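Given chain A, work out where chain B should sit, using these hints.
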Amino acid sequence: MPAKIGPDGKPIVVDTVPFKADFSDNEATEPYNPSAGRAAPTDFSDSDATEPYAPGSKSSSSNAATIAIDIEEVSVQPGSSAQVTVNVVDDDEATQVFRAAKPVEAVATSSVESATVSESGAMEDPPVGWLVVVDGMGKGEFATLGFGQNSIGRSGARVNLNFGDREISRDSHVVVTFDPKSAQFFVSPGTGKSLGYLNDAPILSPVSLSDRDHLTLGSTKLMFVSLCDERFSWA
Amino acid sequence: MNQFEIGSSQWQGKRAYQQDSLRAQYLPEGGVFAVLADGMGGAKGGEVASLAAVDAVFDAFDTEYADLSTHLLELVGKANNAIAREIRANPDLDGMGTTLVIVLIRDQTLHWVSVGDSPVYLFGDQEISQINLDESYGGHLDRRAQRGEITHAEAKADTRRHQLMNVLMGQQSLTIEDCQDEGISLNPGDIVILASDGIQTLSEEVICQHLLDDSLTADELNHNLLSNVVKCDRPNQDNVSLICIRVLDEENS
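So the protein lines, in turn, are chains A and B.
Counting in this note's numbering, the first sequence runs from 1 upward without gaps.
Counting in this note's numbering, the second sequence runs from 1001 upward without gaps.
Isolated chain A, as found in the complex (with noise of 0.2 Å):
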């Protein structure tokens, strides 16, 4: 393998490679060969090139008033974690950049939206109950749910158990559901591969979930802790 670092300890940059539409040189060379146009989506529009979003242009989708109501309220998140100014040319043309408020088009309730009044921001996002790890790696470490859909994951859900087992899907292994309407909380499949289970039956459509009811996780064991119930809830 080439030196990745040049004489001078200074990094180097990767070369990129013009691929070349070789057809004949393909076939020996290819490992894998799915049917042609197997995965092209048929629905596609020919310009599929990149191009901005033009409220109401094309389409007479009752949707775009909505749509275009949905951005200006994004590019004036009051909520900004950060917001950084950067000149380089002149002050007039300086880029304000700004960081939107987390998280990232959450799952919106009515009564989340109604109760983002504290100053702090954790109002945001209000917890409505907890996973606690009871055994496995990260045994004592727990989870905060909240309202509407958490997808359950190791690394890129939106609740992480990241403490060391491997068997916990990246994404989303089962999905808990709190339903502020009725106050309920469900348990259903995530889209990884392996299964969930809810007191050892594994989880294989949508089920009630209730306090203190026990889930397995790969080898970790969850106790699952409810705050929003008949007896509280934010709103």
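Hints were generated in silico from the structure; no laboratory data involved.
What you are looking at is a predicted structure, and each value in this text was computed from that prediction instead of being measured.
Within a straight-line C-alpha distance of at most 20 Å, the following computed DMTMM-like cross-link-like pairs (lysine to aspartate or glutamate) qualify: (1) K221/A x D211/A; (2) K20/A x D1233/B; (3) K193/A x D1190/B; (4) K193/A x E1127/B; (5) K139/A x D213/A; (6) K139/A x D200/A; (7) K181/A x E1149/B; (8) K20/A x D1219/B; (9) K193/A x D1125/B; (10) K193/A x E1205/B.
Showing chain B alone in chain A's frame:
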């Protein structure tokens, strides 16, 4: 001492211009810095915008940053300023723009900032997922469908799916939705791919199939993915650019 292997490649597809720009480098202490931009606008605007953005990010990147999230946002701002400067120098280019994905790997931890719809994929444990936010209108519709606000059929049927809801166009004010400064920890065998959306001719499932063979180098993986795109023979196939970053096992590094 490097725990990574990077491959970088691109194909023009069936378009008249290559409007993607990309660059990646190894960091001296064993990390990776990679940038990819998918330009848009006119005959040469897209290329100018994406190249200006990538150049500006590399010029401004400083491994001695004080605060990671601030630095990542700054880099996006510099890229946007560079586009504004190009437009000021050549007003005909007004309306050009670009997506931008910046990936920084340090201490085996993956960070990124993303504007637009250029996907970043993470492959590990034989599974692949797109980890950055798809800021195309289609991505937005898919998230609305996931929340039950519209049906999946409505989301898929919209003709504006490819349009971008967030893009660098030299504008005065930017809102960054997707700045992952907390990071995702990487493990040996994981693969990170930055791509322009032309790769989405292939489904995630097909991309994943290619990545399962862990005997291939990053350049070979890129070659196989691009060959597969060629085989799909899509009319009007968009530019495809790939930066493939393999996290190596101890014994290979």
